[in-house]
Amino acid sequence: MTMISQMLGHLGQMDLSRLTAAFWLPHGESTFSPQVQFLWNFWYWISVFFTVLIVGLMVFFVIRYRHTKDRTIADPSPTHNNALEITWTIIPLIIVMVIFALGFTEYMNMDSPPANSYNIHVIAQKWSWTFVYENGAISNTLYLPVDKPVKLNMTSKDVLHGFWIPDLSIQRDVVPGRVMTTWVEATHPGTYWLQCAEYCGNGHSEMRAPVVVEPYPKFQQQILAAANIFEQDGKPLPLSTVGKKLYTTLGCLGCHSVDGSKGTGPSWKNLAGSKEVLANGQTVSVDYAFLKTMITHPGRVLIKGFPAGVMPSYGSRFTGKNVKNLYAVVWYINSLSKYSNKASQPPVPNNPSGSEPAASSASGKAAASATSAAPAAANGAATPVAKVPAGPHPVPLHVLGAKLYQSLGCIGCHTVNGQPGVGPTWKNLAGYPQKLTTGKTVIADYKYLRTMILDPGKMDVVGSPAGVMPNMYKYQLSGKKHPHENKLNAIIWYINTLSNRSSKATEPPVPDVPAAK
Amino acid sequence: MTALAGNNYGDTPVVPAKPDNYLTHGKTIRSWLLTLDHKRIGIMYLVVGLLAFFIGGMLAEVIRTQLLVPQGLIFHGTGSVASSYAAYRYYNQVFTLHGIIMVFLVLIPIIPGALGNFALPLLLGAKDVAFPKLNLISFYLYVVGALLAILSTVLGAVDTGWTFYTPFSIQTESYVVVMVLGIFLVGFSSIFTGINFMVTIHKLRPPGMSWFRMPLFLWAIYATSLIQVAATPVVGITFVLLMMERIMGIGIFNPALGGNPVLFQEFFWFYSHPAVYIMILPAMGIVSEIIPVFSRKHIFGYEFIALSSLAIALIGFLVWGHHIFVNGQSAELDAVFSFLTFVVAVPSAIKVWNWLATMYKGAIVLKTPMLYALSFIVLFTIGGLTGVVLGALSEDVVLHDTYFVVGHFHYVMMGGTLIGFIAGLHYWWPKMFGRMYNERIAQITCVVMFIGVNLTFFPQLMVGADGMPRRYASYLPMYQPYMIASTIGAYIQLVAFLTMAGYLMHSLFYGKKAPVNPWGGGSLEWETSSPPPHDNFETTPSVADPYDYGDLVFDPAVNGYVRTEKPADTLVPVKVAH
Chain A
1040 MTMISQMLGH LGQMDLSRLT AAFWLPHGES TFSPQVQFLW NFWYWISVFF
1090 TVLIVGLMVF FVIRYRHTKD RTIADPSPTH NNALEITWTI IPLIIVMVIF
1140 ALGFTEYMNM DSPPANSYNI HVIAQKWSWT FVYENGAISN TLYLPVDKPV
1190 KLNMTSKDVL HGFWIPDLSI QRDVVPGRVM TTWVEATHPG TYWLQCAEYC
1240 GNGHSEMRAP VVVEPYPKFQ QQILAAANIF EQDGKPLPLS TVGKKLYTTL
1290 GCLGCHSVDG SKGTGPSWKN LAGSKEVLAN GQTVSVDYAF LKTMITHPGR
1340 VLIKGFPAGV MPSYGSRFTG KNVKNLYAVV WYINSLSKYS NKASQPPVPN
1390 NPSGSEPAAS SASGKAAASA TSAAPAAANG AATPVAKVPA GPHPVPLHVL
1440 GAKLYQSLGC IGCHTVNGQP GVGPTWKNLA GYPQKLTTGK TVIADYKYLR
1490 TMILDPGKMD VVGSPAGVMP NMYKYQLSGK KHPHENKLNA IIWYINTLSN
1540 RSSKATEPPV PDVPAAK
Chain P
181 MTALAGNNYG DTPVVPAKPD NYLTHGKTIR SWLLTLDHKR IGIMYLVVGL
231 LAFFIGGMLA EVIRTQLLVP QGLIFHGTGS VASSYAAYRY YNQVFTLHGI
281 IMVFLVLIPI IPGALGNFAL PLLLGAKDVA FPKLNLISFY LYVVGALLAI
331 LSTVLGAVDT GWTFYTPFSI QTESYVVVMV LGIFLVGFSS IFTGINFMVT
381 IHKLRPPGMS WFRMPLFLWA IYATSLIQVA ATPVVGITFV LLMMERIMGI
431 GIFNPALGGN PVLFQEFFWF YSHPAVYIMI LPAMGIVSEI IPVFSRKHIF
481 GYEFIALSSL AIALIGFLVW GHHIFVNGQS AELDAVFSFL TFVVAVPSAI
531 KVWNWLATMY KGAIVLKTPM LYALSFIVLF TIGGLTGVVL GALSEDVVLH
581 DTYFVVGHFH YVMMGGTLIG FIAGLHYWWP KMFGRMYNER IAQITCVVMF
631 IGVNLTFFPQ LMVGADGMPR RYASYLPMYQ PYMIASTIGA YIQLVAFLTM
681 AGYLMHSLFY GKKAPVNPWG GGSLEWETSS PPPHDNFETT PSVADPYDYG
731 DLVFDPAVNG YVRTEKPADT LVPVKVAH
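Residue numbers (my numbering), protein chains in the order written: chain A, 1040 to 1556; chain P, 181 to 758.
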């Protein structure tokens, strides 16, 4: 009964203009669309013509030549005619060849991104899309500028996904283990849908993202605002609020509910501080250390009743420079639990002012956030929670490198925790010997790292597939436009900080902290 | 007319007094299960195939019912995103099973297995297929494969889609290995059937039946067998590799181990595209038999229809890449596959024109088989033309993996293969069981079916062009009107199929006795009694042009056609030139 009322309800909301316009493709909003629409119409009218011709002839013959009492045998007519056969072979052949040529021409255009494209890194995973912009901003909404070509460099963290924006006439599979590229130049501002087109499991049909196309200045504002999730309007946010954002951005919501309902993974409601039984029968209390392990190394422990191997490894998103994300998510999990206690909470305060959550939120707000963060960090916490250094102090290059690691999309293939990826992990890379496919072994020094980043085609390392690493970085990091190779040095400094064999030979020729001397 | 010389089966009783036929030849269950009679094996294929079709069809109704509302009517969450995803897993299992059953257990085997087995030796005037024991082995491989598919479903089902794309099929916690093993065995069944039919057509043609005097259904089966024998081993090996990947982690398809997931797609489609022609060619063969019989006129362009089957089979091997245009293979390779895809469209068009030319100036009888054959032409035309736009590279980018593709291949598979199969089933039903069905109810059912099929799949073409991706358990609300229309169409089809099951079952027990030749067909199966005796022919039939209906006249006394001496003043259609 509810089904019927539901159906009627939706019928009432039916948009009739869509229905009448609908046989056609969606109104295309990219530079590809006019050509795609032209060929579609060309094909459509040819199809209508032939369908009407075939069905028309059929109906006419059935009526004109029907079998009756007086007419029981066929009229004499030939059983073959080569001229006719050749005609109806050649004409369709010519028509399909025209369609082939038109489709091929536009496709080659789709395959060649212009050199001045803005780069966006697209990360697909079960079941969410994440977009990383050139300035390091991360979002779940795809922001695109109008009238500017955008190159999308896409990687998948798990299985095949399909990047499909009907209104912009682009589609590309996202194959794990490769960087897939496509490009688009939107022609009209508006909001469209990106939908996953390649089947990827439980949440496939909900794996979509809004696509917001805006004039370039507004686009820049958007991605600047998205760049810092820890602040809003210049004010720091409570970590649990940031965690709630990350719950959506990082795709946790696909498997973990926050209302206690059953999902692919355990619900976060009343999880922190509770007792859980593991797959091996052991009972553990869900404290901070346990939550941290579950998030950064999901393969190590498994709660009873849940499938193994489903949770993607979020290691690099939650460790090292990104440890703040871990605090934020764990704080959020704590805010959902009535069992939350000191042991289940992260070692840093939730509130940026330094006070305990809920308990004494009224007081202490006046305290300067910068000074109160320091004692909290000193208070047994391993990593300081301070914001990324801002203000007049020079930023060490390796911090910039860590940001570039994300924004340039290195994160898609290279881990920083030693886990295998598509490309070599950056952990203990600098200073270590590397085996090349030519049989030679070389030490990963500065020169080697620089060549690998700028000219990846020159040599291949054993164990990593050839031809996968994009060769666009030489334009982004070096050449006439970047004579000082500042960003390149930043990345190589970052790689150095990840290795215990970092030495003079592996470091860039400029110091890590420019103004320190 | 050439007589069948020296082909006497020897021990046939001189006076066959008792009305023994192949159905009554042995009455024990054992006499059915261990039979080597191609007709009984055909009937067993028919029973198992229809059972599979019933299950696959009910799963389709579940799919359509789920999609009545955007968030899903049957499988949906309890409010949170995570609970929805957990529920959608069941939907994914349903559409996976629907695809696997329909493709591997119905579309591929049902026409060669059921109708091919029953009719092929009869059309040749032969006693049986070349290797009767291999034929029985084929059937049991098919049954064991089907049982493994059921076992996999009972154990916990598969949620990979029928395409088993890696790396999802390597990672998912479901019974992929059991399912794939089942399909592997069904594949062997397909290979054995193909070998059997090829040898039968080569070796058991009666004297006088040259290649270009064979009924066109035999050409279609021959072309089909060629693909079955040459392509199926590839998918067999691919599935073995997939099993090894899952069990041993050999790292050929798994990117985490340095494998290439796209390689699986190449291997899979190298078989699965030609498999599309395994499905459609026999249906085209059936239509080529029915159109001339019910137009009372010689087939037009015999050689072109026959050779276009071979052309489709051969070029069909070279177009698999058009399934994977957007997966990142090189643009030049895409161009080659796109070009060849357009080339393979032409032989199909040739067939349609020749069927129409056959009807021209005929004396068209709209009996049920003919109505289904005409439905086939319309539906296949729509299916074929929508395939043309998918072959164009820039259009494929905006249609790939959408409901447009779903609509397209259902027009070809349901509107083509299954409607062709139903046409053939109605055509040979009197011969198979010796009973007539209720003609009027069958005609009405055909019209209802035609409406149902179009109402189901045409909105899918529209919603796909509008951007709705396939394999979606839930969807954006703007697509709902199309989804509702499609579901209503699916329910209409269900009504048509249930009616069909009803009147066919009724005919088995209460149908009028069928005459030897109810439709006036000219091929050899209409020379023997309905149903045929165990050894097919009481007397050896003589081979003539199978499409010459000049000496067949309707005799109201037997309610069927009988051969007469040709009256001198009757115009006889021109014979085939060979």
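Check each hint, because a few of them may be wrong.
Using 25 Å as the maximum straight-line C-alpha spacing, the simulated DSS-like pairs for lysine-lysine come out as follows [unchecked claim]:
1) 1314/A <-> 1442/A
2) 1526/A <-> 1187/A
3) 1108/A <-> 1190/A
4) 1314/A <-> 1301/A
5) 1360/A <-> 1257/A
6) 541/P <-> 1108/A
7) 1108/A <-> 693/P
8) 692/P <-> 1108/A
Calculated from the structure, these hints are not laboratory results.
Check the hint pairing residue 1314/A with residue 1442/A against an upper bound of 25 Å on the C-alpha distance.
With a Cα-Cα distance of about 37 Å, the restraint between residue 1314/A and residue 1442/A is violated, given a limit of 25 Å.
Run the distance test for residue 541/P versus residue 1108/A: straight-line Cα separation, threshold 25 Å. Satisfied, since the Cα-Cα distance of roughly 16 Å is no more than 25 Å.
Item to complete: Measure nothing beyond the straight line between the CA atoms of residue 1108/A and residue 693/P; if it is 25 Å or shorter, mark the hint as holding.
Response: holds (24 Å)
- prompt: Straight-line Cα separation of residue 1360/A and residue 1257/A no greater than 25 Å?
  reply: Since the Cα atoms of residue 1360/A and residue 1257/A sit roughly 29 Å apart, the hinted pair is violated (cutoff 25 Å).
Check whether the Cα positions of residue 1526/A and residue 1187/A lie no farther apart than 25 Å. Holds - the C-alpha atoms of residue 1187/A and residue 1526/A are around 24 Å apart, at most 25 Å.
Residue 1314/A paired with residue 1301/A [C-alpha distance capped at 25 Å]
holds (17 Å)
For the pair supplied as a hint, residue 692/P and residue 1108/A, confirm whether the alpha-carbon distance does not exceed 25 Å. holds (23 Å)
Note to self: With the threshold set at 25 Å, check whether the alpha-carbon distance from residue 1108/A to residue 1190/A stays at or below it.
What the structure shows: violated (71 Å)
Comparing the model with each numbered hint stated earlier shows that hints 1, 3, 5 do not hold.
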